[in-house]
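Following the hints, position chain D against chain L.
So the protein lines, in turn, are chains L and D.
Numbering follows the UniProt record's numbering, with no gaps: position 182 of the first sequence is 182.
Numbering follows the UniProt record's numbering, with no gaps: position 146 of the second sequence is 146.
Calculated directly from the structure, the hints in this document are not laboratory data.
There could be a bad hint or two in this list.
One-sided and incomplete, this derived list gives chain L residues near chain D with beta-carbon spacing under 7 Å [stated by the list, open to error]:
1. PRO112
2. ILE114
3. GLY125
4. ALA126
5. MET128
6. ALA133
7. LEU141
8. GLY243
Each residue gets a CB set at the ideal place from its N, CA and C atoms; glycine is no exception.
Each chain, written out:
There are 2 protein chains.
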Amino acid sequence: MEQKGRIYVVGLGPGNREYMSMRAIRAIEDAEVVIGYKTYIDLIRDLLAGKEVIDSGMRKEVERCHLTLDKALEGKKVALVSSGDAGVYGMAGIMLEIKDERDEDIDIEIVPGITAASAASAVLGAPMMHDFAVISLSDLLTDWELIKKRLTCAAMGDFVVALYNPKSMGRVHQIEEAREIMMKYKGKDTPVGIVKNAKRQGEEVIITDLEHMLDYAIDMLTVVVIGNAHTYVKNGKMITPRGYQR
Amino acid sequence: MEQKGRIYVVGLGPGNREYMSMRAIRAIEDAEVVIGYKTYIDLIRDLLAGKEVIDSGMRKEVERCHLTLDKALEGKKVALVSSGDAGVYGMAGIMLEIKDERDEDIDIEIVPGITAASAASAVLGAPMMHDFAVISLSDLLTDWELIKKRLTCAAMGDFVVALYNPKSMGRVHQIEEAREIMMKYKGKDTPVGIVKNAKRQGEEVIITDLEHMLDYAIDMLTVVVIGNAHTYVKNGKMITPRGYQR
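The following block holds chain L by itself, in its conformation from the complex (with noise of 0.2 Å):
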């Protein structure tokens, strides 16, 4: 009989491999075939030996969940990696859509991970106590207005907010818009944590407010997380109250 293939869409957490699940670890070791960007590749080299592994250049997403299909219908069982949670902002929609396009009937197992937010929560104190919003400043896959619309609503309803790809190399602006947008609604004090990398090699945390945020280093590999009314700083930590102690 022949092999039914199968595809994980796993996300990896935030990079080390303390923060990995075990059902992420045991879906990569199980499968014969390993496909992400080599980025996040690099990151499991050592759970790969003896297995096929296909790692390709960024914004090759559709190429790769076609490859990752491809393989599976082969009969083998695919790993798609995707840092964080494969499902925020990850490959799990992508792969989804593509088995869908296709018409093919493949088993897909969605393993979620630790979101950078939640990594970045845990590294700057607990700024994410109450609600939030988790918004992407990229604008390649989504037209800037709606992002802007989305900024402004966020700030209007008092939310907790996370940026994610606050800034690359040819996109800068955008934060700096963003910034202005949340000065509309919240005080210029409103405590902001900036965290690079975090929970991984290379960790850089700066707790500034949003009147001093621009001063400071933001980059791809950044996550921002804006407070709400409430949101403090004390002892170098940002914490966001639940109202236990009202």
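Same frame as chain L, but now just chain D:
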């Protein structure tokens, strides 16, 4: 020399061991005292041999944190456990608040976990591939008017919305009002995922829409995920496209 105590605030993830991180397991193994709400303690009972275990009832959060700090000040290593991500409506914030209030100097490590929205998303397909808001419908610690304002803002911004604590025995109207607010801005055929016990024993999954969501059982173990204007359902999965296919 006296041993210096320390505190781990540990997110256990959805509940199944395989979705815990190694860091969470090691923190519990390292701890001499483990403190938590009984339901969560039961999830890790096999890791607790030889340790002092203090389980307590619901709504004893403040008490549990004081006890954690007391034990740590005696020089013990203490793990305070919480489900999901300790930093998302978990114990991280209140623990830091109480440490600051009592002005004690003790190391606190927040160990992040997979939050319920990530677990629910993985079960549903890929509903959180784009900007999302997480809102708790519990008005025990938050004014209902503020929660309604956040629901309105999240709906206006066309966020994917994950509702935590949607309903309890004594709190039933909030989910109805939340749905009404969503219906003002989102189409009645907007996909809605209802996941009980995501990624743990007793998992139940419903995919429906805004119009019909109240026809299904929703309780405090349930997370409700409401799509954005582009979310669709295909082959039993709920998918929010990010835009790769355009």
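Hints versus structure:
1. PRO112: holds (4 Å)
2. ILE114: holds (5 Å)
3. GLY125: Interface hint status for GLY125 of chain L: holds (6 Å vs cutoff 7 Å).
4. ALA126: OK, holds: ALA126 of chain L within 7 Å of chain D, min 4 Å.
5. MET128: holds (5 Å)
6. ALA133: holds (4 Å)
7. LEU141: holds (4 Å)
8. GLY243: At about 4 Å, which falls below the 7 Å cut-off, the nearest Cβ of chain D leaves the hint on GLY243 of chain L intact, so it holds.
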